[in-house]
Amino acid sequence: SQQGEEDPQALSIQEGENATMNCSYKTSINNLQWYRQNSGRGLVHLILIRSNEREKHSGRLRVTLDTSKKSSSLLITASRAADTASYFCATDARSNDYKLSFGAGTTVTVRA
Amino acid sequence: NAGVTQTPKFQVLKTGQSMTLQCAQDMNHNSMYWYRQDPGMGLRLIYYSASEGTTDKGEVPNGYNVSRLNKREFSLRLESAAPSQTSVYFCASSDWAGDQPQHFGDGTRLSIL
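Going down the list, the protein sequences come from chains A and B. Mapped onto the numbering used here, the consecutive letters of the first sequence carry residue numbers 1 to 112. Mapped onto the numbering used here, the consecutive letters of the second sequence carry residue numbers 113 to 225.
Incorrect hints may appear among the rest.
The calculated lysine-lysine pairs, modelled on BS3-like cross-linking and capped at a C-alpha distance of 30 Å, are [said to hold, decoys possible]:
1. A/Lys56 to A/Lys70
2. A/Lys99 to B/Lys169
3. A/Lys70 to A/Lys26
4. A/Lys99 to A/Lys70
5. B/Lys183 to A/Lys99
6. A/Lys99 to B/Lys121
7. A/Lys26 to B/Lys169
8. A/Lys26 to A/Lys99
9. A/Lys69 to A/Lys56
10. A/Lys70 to B/Lys169
11. A/Lys99 to A/Lys56
12. A/Lys69 to A/Lys26
13. B/Lys169 to B/Lys126
14. A/Lys99 to A/Lys69
15. B/Lys169 to B/Lys121
Computed list of chain B residues with no C-beta within reach of chain A, every gap over 10 Å [stated by the list, open to error]:
16. Glu164
17. Asp168
18. Gln214
Output of the computed footprint for chain B on chain A, the stretches with three or more beta carbons under 8 Å from beta carbons of chain B [claimed, not checked]:
19. 13-21
20. 54-60
21. 73-79
Note that these hints are calculated values from the structure, not bench results. Here the structure is a predicted model, which is why all the values come from computation and not from measurement. Don't be surprised by glycine CBs; every beta carbon is placed ideally from N, CA and C.
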């Protein structure tokens, strides 16, 4: 069963704006990862945040993790047309033998 | 450096036919995975291989079999295809399970008529 749930399901923004999407999960986790999927392609790993970390940055990406609320957010700053994609969170937990469990994703459209 | 290569990219089958999806990785990863992706459902794990010589069921293994041929290759077989198996199939690999990023192929788009 899916552990993560992304919100919103879809997001449309203007180029240059920030995009924020959220992921909630149900059980205690070991790590949380974010992936991007461009249309017709495989998933590409963006960032991994461990359960003992609260925030992580990578270029224009900022990920936060709140284990007390069982939620994470992904912020993309100064969005570009090339950021148009679906974004997925994935969690792993000891209870699931550390296998990744993916959410259904947020589809982001960046308008020029 | 090709990463994860899946073949074929597209396939149409009739109900009851069999086929094998191939996956190979050139990153010397220990763990390999097969997922299916259906609209609105994210990725669901079919089978995985934590290391060469081992395979285990994932969330949706029914109707599938796998073979970890060697460290590089991990194949997925549909013995008797059903329309419910129409999906996009992704192979992935990682150094180890858990706290390692997974690297994905570009998928096989499979339609069962």
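Verification of the supplied hints:
1. A/Lys56 to A/Lys70: holds (16 Å)
2. A/Lys99 to B/Lys169: holds (11 Å)
3. A/Lys70 to A/Lys26: holds (7 Å)
4. A/Lys99 to A/Lys70: holds (18 Å)
5. B/Lys183 to A/Lys99: Holds, because 19 Å separates the two Cα atoms, which is no more than 30 Å.
6. A/Lys99 to B/Lys121: holds (25 Å)
7. A/Lys26 to B/Lys169: holds (22 Å)
8. A/Lys26 to A/Lys99: The hint holds at about 15 Å.
9. A/Lys69 to A/Lys56: Satisfied, since the Cα-Cα distance of roughly 17 Å is no more than 30 Å.
10. A/Lys70 to B/Lys169: holds (27 Å)
11. A/Lys99 to A/Lys56: Within the cut-off at roughly 22 Å; holds.
12. A/Lys69 to A/Lys26: holds (10 Å)
13. B/Lys169 to B/Lys126: Judged against 30 Å, a Cα distance of about 25 Å means the pair holds.
14. A/Lys99 to A/Lys69: holds (22 Å)
15. B/Lys169 to B/Lys121: Between B/Lys169 and B/Lys121 the Cα gap is close to 24 Å, so the pair holds against 30 Å.
16. Glu164: Label holds. Min Cβ-Cβ 18 Å, cutoff 10 Å.
17. Asp168: violated (8 Å)
18. Gln214: violated (7 Å)
19. 13-21: Check failed, 0 qualifying residues.
20. 54-60: With 0 residues closer than 8 Å to chain B, the segment 54-60 of chain A misses the three-residue bar; violated.
21. 73-79: violated (count 0)
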